[in-house]
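*Asks:* Read off the chains here:
Protein chains: 2
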Amino acid sequence: MGANRRELSLLPERKIRSATASDWPAIWKIFRSVVQRGDTYAFSPELDEKSALKIWFAPGAQVFVTDAERRVVGTFFVKPNQPGLGSHVANAGFMVDPEMHGAGIGRAMGEYALAWAKQQGYQAMQFNFVVSTNTGAVALWKKLGFTIIGTIPRGFHHTQLSYVDVYVMHREL
Amino acid sequence: MGANRRELSLLPERKIRSATASDWPAIWKIFRSVVQRGDTYAFSPELDEKSALKIWFAPGAQVFVTDAERRVVGTFFVKPNQPGLGSHVANAGFMVDPEMHGAGIGRAMGEYALAWAKQQGYQAMQFNFVVSTNTGAVALWKKLGFTIIGTIPRGFHHTQLSYVDVYVMHREL
Numbered sequence: 016m017g018a019n020r021r022e023l024s025l026l027p028e029r030k031i032r033s034a035t036a037s038d039w040p041a042i043w044k045i046f047r048s049v050v051q052r053g054d055t056y057a058f059s060p061e062l063d064e065k066s067a068l069k070i071w072f073a074p075g076a077q078v079f080v081t082d083a084e085r086r087v088v089g090t091f092f093v094k095p096n097q098p099g100l101g102s103h104v105a106n107a108g109f110m111v112d113p114e115m116h117g118a119g120i121g122r123a124m125g126e127y128a129l130a131w132a133k134q135q136g137y138q139a140m141q142f143n144f145v146v147s148t149n150t151g152a153v154a155l156w157k158k159l160g161f162t163i164i165g166t167i168p169r170g171f172h173h174t175q176l177s178y179v180d181v182y183v184m185h186r187e188l
Numbered sequence: 016m017g018a019n020r021r022e023l024s025l026l027p028e029r030k031i032r033s034a035t036a037s038d039w040p041a042i043w044k045i046f047r048s049v050v051q052r053g054d055t056y057a058f059s060p061e062l063d064e065k066s067a068l069k070i071w072f073a074p075g076a077q078v079f080v081t082d083a084e085r086r087v088v089g090t091f092f093v094k095p096n097q098p099g100l101g102s103h104v105a106n107a108g109f110m111v112d113p114e115m116h117g118a119g120i121g122r123a124m125g126e127y128a129l130a131w132a133k134q135q136g137y138q139a140m141q142f143n144f145v146v147s148t149n150t151g152a153v154a155l156w157k158k159l160g161f162t163i164i165g166t167i168p169r170g171f172h173h174t175q176l177s178y179v180d181v182y183v184m185h186r187e188l
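Taken in sequence, the protein lines are chains A and B.
Here the numbering used here is used: the first residue of the first sequence is 16, the next is one more, and so on.
Here the numbering used here is used: the first residue of the second sequence is 16, the next is one more, and so on.
Hints should not be assumed to be uniformly reliable.
Remember, identical chains collapse to one label, so a pair may be satisfied in a single copy or spanning two.
Only pairs whose alpha carbons sit at most 30 Å apart, straight line, appear in this in silico BS3-like list of lysine-lysine [as the list claims (entries may be wrong)]: (1) Lys69 with Lys94; (2) Lys65 with Lys157; (3) Lys65 with Lys158; (4) Lys65 with Lys94; (5) Lys133 with Lys30; (6) Lys30 with Lys69.
These are calculated hints, taken from the structure and not from any lab test.
Computed from a predicted structure; not experimentally measured.
With the sequences and hints as input, model every part of the structure.
*Replies:* See the structure below:
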């Protein structure tokens, strides 16, 4: 109930838009807080800012941010998962300000990413590395139509749980 | 029989070693001939030499070549499949001079890569993109202990066969 109410209260003022260079400090703040937890992304928890920038704004990636309550509360990118003969399948990565979890931001960004990717002509979207213990993300992607097409045994070294499985998830567009 | 005889005749003079900058012209010749076929790697068949060099000698990759008949007949790299908390799983890519198929070069390189990766402390090896119609490669990796842990539906745009499935393959070390 609480989460739903918060989500509803956010909806009118939430906006997804293309990121610009001036968004980087806000994106980096989210990136750092997400990665430091060491429970969802493979990136080293001590990754430096310059490397993070290169990763998030990779060549060929379209980066977006979500504004709410007059600040950036989430970010995601969409890019080809493979070059050339595999570039009809999109990849995407999502990060939400940990303080804003449960407000529906991840879901809104996921839906936006899927619609945008389809519009761009991508035929499918694939996530290569969804940590199995990240149950919120796994549940969200399933709700949005993704299926687990593969499991990497002990593919992630979780900072609390040691080695845990990783899912490859996929959805046609 | 012919392939076996050729393999035996090559064995004494075949040698796998670390690649150096001076090997690049020979590696590029193989890379180009493999990629131009458009049936095994996602890289654009028209990929330029500079991009190929960046891909094959990626940061963190250890590159090897196989010499036989006094020239480079194959090349492969081993690198972490993910950064940081996923870097205990290796990734590798292999290319054999198309004129030398059936001579056991791929198998020798695969075995070397597995042994080397284990020695480096990797816990597993994963291939993210084995084209399902590349039956020779799929059979070889199965012989070397890999299993298909996932299938990407129509993940590869084969130049002859249009869209075909792609396997994610994995082996503990």
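*Asks:* Just pull the numbers of the violated hints for me, sorted ascending.
*Replies:* 2, 3
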